[in-house]
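**Q** Be aware that the sequence shown starts at 482, since it is given in this note's numbering, and climbs by one per residue.
Do not take every clue at face value.
Stated by the list, open to error - Below, in silico cross-link-like pairs of lysine-lysine (BS3-like), each with a Cα-Cα straight-line distance of 25 Å or less: (1) K673 / K572; (2) K585 / K641; (3) K648 / K682; (4) K486 / K746; (5) K861 / K827; (6) K891 / K746; (7) K512 / K569; (8) K855 / K891; (9) K833 / K855; (10) K486 / K585; (11) K569 / K673; (12) K855 / K827; (13) K641 / K673; (14) K848 / K827.
To be verified - What follows is a set of in silico ranges between Cβ atoms, one per label pair, in the way DEER data are often shown: (15) G547 / K572: 20 to 26 Å; (16) R685 / M653: 33 to 39 Å; (17) P664 / Y628: 21 to 27 Å.
Hints were generated in silico from the structure; no laboratory data involved.
Using N, Cα and C, we set each Cβ at its ideal position, and we do this for glycine too.
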Amino acid sequence: MEQKKLDVVLGLQWGDEGKGKIVDVLTPSYKMVARFQGGPNAGHSLVFGGDSFVLHTVPSGIFRDGTLNVIGNNVVIDPVILMDEIAKIEKRGVNIDGRLVISKRAHLIMPTHVALDAASESAMGKTKIGSTLKGIGPTYADKTGRYGLRVGDILQDNFKALYEERKQRHQMLLGQYPPFELPFNFDEYEKKWFEAVVQMKRFRFIDSEVYVNKALDNGTPILAEGAQGSLLDIDFGTYPYVTSSNTLSAGVCTGLGIAPSRIGKVYGIFKAYCTRVGNGPFPTELFDADGDRLREIGHEYGATTGRPRRTGWLDMVALKYAVMMNGVTDLIMMKADVMDSFDTVKVAVAYKVGKYTVDCFPYDGGKDATPIYKEFPGWKTSLSGLTRYEDFPEAFRRYIDFIEAETHCKVSIVSLGPDRDATVMR
Numbered sequence: 482m483e484q485k486k487l488d489v490v491l492g493l494q495w496g497d498e499g500k501g502k503i504v505d506v507l508t509p510s511y512k513m514v515a516r517f518q519g520g521p522n523a524g525h526s527l528v529f530g531g532d533s534f535v536l537h538t539v540p541s542g543i544f545r546d547g548t549l550n551v552i553g554n555n556v557v558i559d560p561v562i563l564m565d566e567i568a569k570i571e572k573r574g575v576n577i578d579g580r581l582v583i584s585k586r587a588h589l590i591m592p593t594h595v596a597l598d599a600a601s602e603s604a605m606g607k608t609k610i611g612s613t614l615k616g617i618g619p620t621y622a623d624k625t626g627r628y629g630l631r632v633g634d635i636l637q638d639n640f641k642a643l644y645e646e647r648k649q650r651h652q653m654l655l656g657q658y659p660p661f662e663l664p665f666n667f668d669e670y671e672k673k674w675f676e677a678v679v680q681m682k683r684f685r686f687i688d689s690e691v692y693v694n695k696a697l698d699n700g701t702p703i704l705a706e707g708a709q710g711s712l713l714d715i716d717f718g719t720y721p722y723v724t725s726s727n728t729l730s731a732g733v734c735t736g737l738g739i740a741p742s743r744i745g746k747v748y749g750i751f752k753a754y755c756t757r758v759g760n761g762p763f764p765t766e767l768f769d770a771d772g773d774r775l776r777e778i779g780h781e782y783g784a785t786t787g788r789p790r791r792t793g794w795l796d797m798v799a800l801k802y803a804v805m806m807n808g809v810t811d812l813i814m815m816k817a818d819v820m821d822s823f824d825t826v827k828v829a830v831a832y833k834v835g836k837y838t839v840d841c842f843p844y845d846g847g848k849d850a851t852p853i854y855k856e857f858p859g860w861k862t863s864l865s866g867l868t869r870y871e872d873f874p875e876a877f878r879r880y881i882d883f884i885e886a887e888t889h890c891k892v893s894i895v896s897l898g899p900d901r902d903a904t905v906m907r
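Please put together the full structure from these sequences, using the hints given.
**A** Here it is as structure tokens:
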């Protein structure tokens, strides 16, 4: 009998591609949505029924009835942020009971992790990564250092002792940093943290690797949801300006405990242009009026931090790299409507690096690369309200055709606005 496969949704750029909306749109075809990596530095925005929601830790299938949402083992969880998020969801009239389960193997972000994050960024000065200061990096560092605190530990009688042991270690590390300003009152946050840990016990803590595999064996359709973007992968992204986990489709295997053979479709999401938050190389970044227009029309400000996003033209070199690394089967294009008024739309097809022209993504992420562009005439009409590919302007269809020819992958879904209904399925 053929094994049931799990499908994957992930971002192909530096994050902020619109994964939350697409998971919400696709969820009616699935009975389970499982988040496989990342922490509350992710902000997944969903818009429907005239309301907007931003999710940080809870999987994006939470607003669909009949869908079970799984927080997987490679997610790192700040109990305060998680319970605040759940309170906001429930305030909107959504009943979460029985619809959210959490892996015992997921690691907990401690208040001292957040302090370590702030201390590290402060000490680096101008060379800082551009962290969201949520404690993500230090938590993953403790995980790989075999010193982490996990969700399953909450159920142990000696949980408080385990916490104090790690807290003392963190305080010793903090003493080695230059003076810095802590962005919160530590004692107050720690008190809220322990209160949130107690509140978390209302949810079922599971052995997610067994849970997910059994669900697949029973024929349950599952969608795995990534956070951040492929170019922020800890191994294959623009290191060191990356996140602390594997954001590629391979991360599904270690992030949920499934075999590679159980991955089915891989939906790769990309914006029709590029954005980036934080520091690091960005070859097609714009510092002119076009960049400003993309930011303002596209409302390019971080869902988690509110920081203005850096903007630029679509980078085909980076996109093809991400498609290759993820084994993408279906492309999903977001926010092409942002460029409705542009006379010309550009795509980087190669880089000039020194005296060489390269068309493959370089080791340093294109730090010293000058993009070589192909220009397309703009479609100069509103895409808003269109529901069929056949109704797209010819110039826009040519833009899509070019992307498909370069990536050897079909653009199966086109999003033309933030609302879940503003989505064209091909």
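**Q** Now tell me if each hint is right for this structure.
**A** Hint by hint, here is what the structure shows:
| no. | hint | verdict |
| --- | --- | --- |
| 1 | K673 / K572 | holds (19 Å) |
| 2 | K585 / K641 | holds (17 Å) |
| 3 | K648 / K682 | holds (22 Å) |
| 4 | K486 / K746 | holds (8 Å) |
| 5 | K861 / K827 | holds (14 Å) |
| 6 | K891 / K746 | holds (12 Å) |
| 7 | K512 / K569 | holds (23 Å) |
| 8 | K855 / K891 | holds (20 Å) |
| 9 | K833 / K855 | holds (14 Å) |
| 10 | K486 / K585 | holds (23 Å) |
| 11 | K569 / K673 | holds (16 Å) |
| 12 | K855 / K827 | holds (6 Å) |
| 13 | K641 / K673 | holds (14 Å) |
| 14 | K848 / K827 | holds (20 Å) |
| 15 | G547 / K572: 20 to 26 Å | holds (22 Å) |
| 16 | R685 / M653: 33 to 39 Å | holds (36 Å) |
| 17 | P664 / Y628: 21 to 27 Å | holds (24 Å) |
Of the numbered hints stated above, none is contradicted by the structure.
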